[in-house]
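Participant: Counting from 28, one number per residue, gives the positions in the sequence shown under this note's numbering.
It is worth saying that the hints were derived from the structure and are not from the lab. Any given hint might turn out to be false.
In silico DSSO-like pairs for lysine-lysine, Cα to Cα no more than 27 Å straight-line [what the hints assert, rightly or not]:
1. K113 with K219
2. K212 with K269
3. K34 with K209
4. K216 with K269
5. K209 with K219
6. K256 with K113
7. K229 with K256
8. K113 with K34
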Amino acid sequence: MAVVFEKTELLTDLPMHYCPGCTHGIIHRIVAEALDELGIGKTAVGVAPVGCAVFAYDYFNCDMMEAAHGRAPAVATGIKRVCPDKCVFTYQGDGDLASIGTAEIVHAATRGEKITAIFVNNAIYGMTGGQMAPTTLPGQVTTTSPNGRDVEHCGYPVPMCEMLATLSGSAYIQRVSVHDVKHVKAAKKAIKNAFAAQMENKGFTMIEVLSTCPTNWGLSPLEAVQWLKDNMIPAYPLGVFKGAEA
28 MAVVFEKTEL LTDLPMHYCP GCTHGIIHRI VAEALDELGI GKTAVGVAPV GCAVFAYDYF
88 NCDMMEAAHG RAPAVATGIK RVCPDKCVFT YQGDGDLASI GTAEIVHAAT RGEKITAIFV
148 NNAIYGMTGG QMAPTTLPGQ VTTTSPNGRD VEHCGYPVPM CEMLATLSGS AYIQRVSVHD
208 VKHVKAAKKA IKNAFAAQME NKGFTMIEVL STCPTNWGLS PLEAVQWLKD NMIPAYPLGV
268 FKGAEA
């Protein structure tokens with residue numbers, strides 16, 4: 028029988044631990060496939076911080092480094108400067124990148140560090156129990172905003188792509204989603220573009236991926252996909268914010 032599809036060697040055979048309907052697994056796969064197809068997977072180095080992504084080192088079949096909460100861009104910067112020929116990426120959630128790690132990501136971008144951040148935005152703190160995140164939408168219910176996010180009290184969500192695109196050191200910034208097949212393919216293309224730009228030494232690159240969190244949203248997997256389409260995409264428009272799509 029002819030083989031029409033094979034699992035990329037850049038993922039291990041370990042079963043993933045993510046909740047049913049969570050799209051971390053999809054994002055892992057397209058990151059690994061992008062590295063594999065570009066021929067840079069064997070020498071790539073990933074950096075996983077704290078949060079739902081903390082066990083990414085179990086799933087990527089390349090060198091992985093664990094970083095303290097929010098510090099993945101700093102760790103990745105050190106690795107890339109010592110090993111400039113390697114593709115170095117961080118894999119971070121919104122609580123990690125846009126909250127405790129805000130300074131790290133902003134300064135890595137403004138310095139034009141030749142690293143790629145894979146930023147998974149599900150608008151909530153996943154691992155720690157569903158608290159409000161910097162990306163939580165106005166009116167969105169979380170464990171720490173049971174009446175919905177009140178912008179008068181808590182401020183507005185932080186649009187990371189829009190913000191980082193204004194910095195001179197950023198080279199390629201794009202927001203994508205993985206809620207259906209069409210958008211999964213587009214997300215993979217964007218990630219490949221970012222990795223390619225990194226290897227061409229163009230500067231800092233980031234791909235923000237809108238993701239679901241059915242457990243903490245209190246929805247079924249199918250309901251979570253619809254919620255993302257109805258609520259997150261209008262608040263976080265998809266597209267390229269800096270750089271040219273290949």
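Participant: Work down the list of hints and note, for each, if the structure agrees.
Facilitator: Hints and how they fare:
no.: 1; hint: K113 with K219; verdict: 15 Å, holds
no.: 2; hint: K212 with K269; verdict: 20 Å, holds
no.: 3; hint: K34 with K209; verdict: 20 Å, holds
no.: 4; hint: K216 with K269; verdict: 15 Å, holds
no.: 5; hint: K209 with K219; verdict: 16 Å, holds
no.: 6; hint: K256 with K113; verdict: 36 Å, violated
no.: 7; hint: K229 with K256; verdict: 32 Å, violated
no.: 8; hint: K113 with K34; verdict: 23 Å, holds
Taken one by one, the earlier hints fail for this structure at numbers 6 and 7, listed in ascending order.
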